[in-house]
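Once you've looked at the hints, dock chain B against the given chain Z.
So the sequence lines, in the order shown, correspond to chains Z and B.
The first sequence runs 1 to 404 under my numbering.
The second sequence runs 405 to 1153 under my numbering.
Any given hint could turn out to be false.
To be verified - Over the 12 Å line for every Cβ pair with chain Z, so calculated as not near, a few chain B residues:
id: 1; residue: Ser804
id: 2; residue: Arg812
id: 3; residue: Ser844
id: 4; residue: Trp1045
To be verified - Straight-line alpha carbon distances no greater than 20 Å define the calculated EDC-like cross-link-like pairs of lysine to aspartate or glutamate that follow:
id: 5; chain 1: B; residue 1: Lys701; chain 2: B; residue 2: Glu673
id: 6; chain 1: Z; residue 1: Lys256; chain 2: Z; residue 2: Glu268
id: 7; chain 1: B; residue 1: Lys563; chain 2: Z; residue 2: Glu110
id: 8; chain 1: B; residue 1: Lys563; chain 2: Z; residue 2: Asp384
id: 9; chain 1: B; residue 1: Lys954; chain 2: B; residue 2: Asp971
id: 10; chain 1: B; residue 1: Lys701; chain 2: B; residue 2: Glu752
Keep in mind that the hints were calculated from the coordinates and are not lab data.
Backbone N, C-alpha and C fix where the C-beta goes; we use that ideal spot for every residue, glycine too.
Read off the chains here:
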Amino acid sequence: MSSAVYQQSQSRRGRGIDSVDSNTPQQAGQPVSVLSKPIKRESKITLGGGVYVLVTLFLAIGAINSQNNLLFWLFGVSIATMVVSGVFSGNVLMQVRLQAQGVPDSVAGEAVRLHYTLVNQSRFFPLFAAMISEVHDEHSPSGRFESAAVIHLGPRQRSRVTGVYFGSSRGRYQMRHVRLSTRFPFGLIQKSLIFECPRSMMILPYQLAIKPELVRIIHGQGEEVHRRTDASGVSSEYWGLREYTPGDPKRAIAWKQSARLQRLVVIEHAQPIASKLWVWITRDETDPIMTERAIALGASIVFHSSKRGVPVGLWAPSMGVHLSPGLGKAHTMRCLRALGMINLHDEQYADHSPRAANADDVLVVQAQKKRVTTSGRVRMLNLDEPSAWLLNPDGLPENLGGAR
Amino acid sequence: MTRAAQQSAHDVFFRSMLQAALGAVLVFSVADQNPMYLVLSTLAIAIVWVFSVRSNRPAPRQLINTILLVVVVIAGAEMLRMGVGVNAFAVFAVLLMGVKMLDLREPRDDGQVLVLTVAILVSAVLTSNSLMTGFLMVGEIILILRAVVFFQIHAVLHKSAPTSVSIGKRARVDIRSMVIATGFLCALLGSVIFVAFPRNIGLQAFGQWGNRGSVSGFSDTVELGRPGTISQSSAPVLNITVTNRDGQNIGKENSSAFYLRGAVLNTYESGHWTHSASKLVPLSNRAKLYPPNTMLKSAIRDEAANWDRQFAVTMRSSENGETYLFAPWKTVEFRVGSEPMHVGLDFERGLFLKDGIGGRVNYSVRSMSTLFDEVQIDPDAIRDPVSATLNPEPVDPAVSKLAWEIMREAGIEPDPDLRPISDDRGALSVIETHLRTQYSYSLDSQAVPRGEDATKWFLFTRQAGHCEYFASSLALMSRSVGIPARVITGYIASDFNTVTGQYIVRESNAHAWVEAQIAPGQWRTFDGTPPADFHAIHEPDPSIWRSIAKVYESVEFLWVRKIVGFDASSRQSIMGGSMPDLGIASVGESLLNRLAAGRGRLIARGGVIAGIVFSFSLFVGIILLQFRSLFAVLIQTVQSWSVHFRYRLIGRRSTMVDPKFEKLDRLLHRALRQLDIPKPECTPLKSHLIDQHGVLNTLNEPTREAIFNASALLYQFKFAPNPQSLSREHLSQIESCLRRSEKSMVRAQ
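Isolated chain Z, as found in the complex (with noise of 0.2 Å):
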């Protein structure tokens, strides 16, 4: 069975794949609403207001107590403030209006950026001290948000504001809504709107700080690359001379030879054979923590090879997923997302070897106890070691079992 049609194969049993296709990238940063009313408002006593609260009734008691007619007005102020506050941050957010751009795909662990405009139409009310946070729910990713600020935003005026989301989970998310709430002027009492904003969020998975030398050494069997005589490329290996273009590096530039020919050459160097490399990640039923490591690192070894120009192709059969080995930015975008998609709480598929394993480099990563039946050239990598795959075993993230 093509890779294709395996792929139609899972995506009509409702697994990942199709899902893969058929989410292209919105637009990052691009509106996904139009400037939006407010669905809810919420209102709520801070900490902040709640100590306030007491020490006006420690006032009044006080003023009842000594007749003192200073703290009977230190009482008046203080029931006004709470009047004045209540009544400003009301009107202060009767007229405001928010618009979230689009979200683009992140990396688990790694900031992405919200971006939101907010629109004041008030004609007197200034806004200050707001915060944009999303709304969490079942859809919502799980991982920190800062909110974002908004310090001021005059009548009339329009401002674009940035969060920043550090997701912690892969997959694919949804989140509907926005909250602007606003503790000013005194914090006695947080006034929220809720907006209603739907946004769908891919979140792909960690990528790990994998050893340089892992890709290398498994997929070249300790040498440096396969010399390709009819191209140059990026190894390491002499190729040849040509002459300077603008845009070459400097560091290219043989000054050597440009000295003795009179003009500017550079060096060029071979291009590695690109063999295929098969990333094979086995699921463990009983240990999510070790799945997602797996799934993390398998991610990361397809990130890393790509970028070194090695072909590679996903093989979790257990997990649904099948991307036959291949090159380019948009291949390894279609890998991060079929991995990121992965849903652990689906039903598990029989494993089995990648039929191409025989010819091709297969690298296992292996989540279960149960070895794997292999052959040719695979290599296994264990999961329990991470200071055997990873530059700081220390980092390893605190979803997949790290320290942190």
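Just chain B, lined up with the frame of chain Z:
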């Protein structure tokens, strides 16, 4: 954009917070009339600002904790010295604020500084209600509002994603407008609430708060020979309006002074003038509660009818409990102010308020002139004898001899048995003149040599002293020539403010003089203190500053009368009878008055004590939290020791030092023990179980599932980055898995 227009929001906030903090200390210093608070606090805050806040380098925790302990010790010492009161609390709050400024790490810390600022402001208000305090309080409220507004921006920036933290020019204009608008609205609405809030309800329901009032400068005893200086403070004590029978204000500048009697002291012993206990029922026990505006007249109706001056007195800060009501001699009528008064009344011995609440007191008295010429002395009248009980010690012979010599020199018979009673007034005048001319007035008191009579020491050795020495000398010399005399302490009113039409009596106007009997029942005022010296020292200089001060005092009196003295009647006059209080006032009055008197008071005080205990516990908790890392290490060490000890007892070593680990491990171990699976020492548990699949496969499906689930969860737990963060739900999930496995195994067996 200019640099000024691009100020960092954090910088702006920190500056506004600093201004608010210093402003609060300034208000308290002014209220407490102690500039040292401001000086020391400014110094401390400046140091903290330069070395910590500005450079954004909070001090190390250990240093802060150490300073905090020192602050607690200082505050405790202050409380022991000054008593548990507003001052001690304010000192503590100021010190705490300084410490907190060293520890500005999170917006929460900044907020705590602002809360302390408010606490200091409230302390200042509880300390004093002067005009300056009120004026500064309004300014301070604006500063606090501004700081709070910037605090919101500062907190939002701290919590949100990194962004531009500068505040543009337009933003600053908007903030300024907003602060002004909200401040104005708050002040306006606050004033409405101030006027509408019912008064005279629940007074002292929770006991005495704030400083007790005091009539400064005045003393109801005279203790001669006590070193120190007499108060020269110009703080106003009384405001007096003097009118005649037609209601016309008869006060004027440079007029003769009014003597306002406070305490009547008739017993002299060892340099001390005190008031002898009455043989009859003590005056304080005869005090009665009089409703507002009650007129009390002298027993001698003729005298009451002959009043010619009315003194409307406003006492700015009366004492709590018994306090003297100052009145001229000879008072013949007393009118209670706008509040009911528990007044002790003896038109000769004086007036006092028995159960004063402190603060402002209004009353008015009517008196009749006591001119010497009006006294018709019967030449055959018999002089009242000088009571021996009032002089437990006979007048010193030297003092007596001096009085006799003075009278002989003036041609007046000193022997009371030979001297006609009509010469008594002349005799007193002679002695008075002698004292005024031969002795000098000085505020500097020196210690009297041990064993020597203070009056004699003044007359023959020191020959200079303050008014109490002159009054004591005059009284004793009068008694030595057979004329009954008594020392009066009170105030002299001579400073007339033409703007308000009132006399202003200050602390420095406290004075002592003598009343002597020139005929039976006829007591007249004599003052041996040199008037020129006295006025030169106590009267303010007639400079331009004095004129400015008078204007200020006029405003201050307006403040005292309209704001500080705002009461139920003032409220009634503003709101009229149409005030819809919906019965709240009457219910509140009933409730709070019950609290104030009776069992409720005990409950209320119990509540206050409970509040203090709670606050103290909270404080101790905060201290413990400060040292929480140390305590956590201690607790963890103790727990580890206990686990190790227990395992040592049962003969096995444990790598489980965390109590959570230990508990889970124990549960799982118990489950595995039933399966005869040994617990691994080093191998990860989950791998170990997989290796034991032979045994586990013999179990039924639920049991095996439970064991694997539990081990998987425990595995996750062990490899979690922060085991302490394991939720309670997660723990209970693991435990239930293990217990389920146990039950399954039992069922299987």
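Exercise for the section: Please name the hints from earlier in the document that this structure breaks, with their numbers sorted from lowest to highest. Expected result: The structure breaks hints 5, 8 and 9; every other hint is satisfied.
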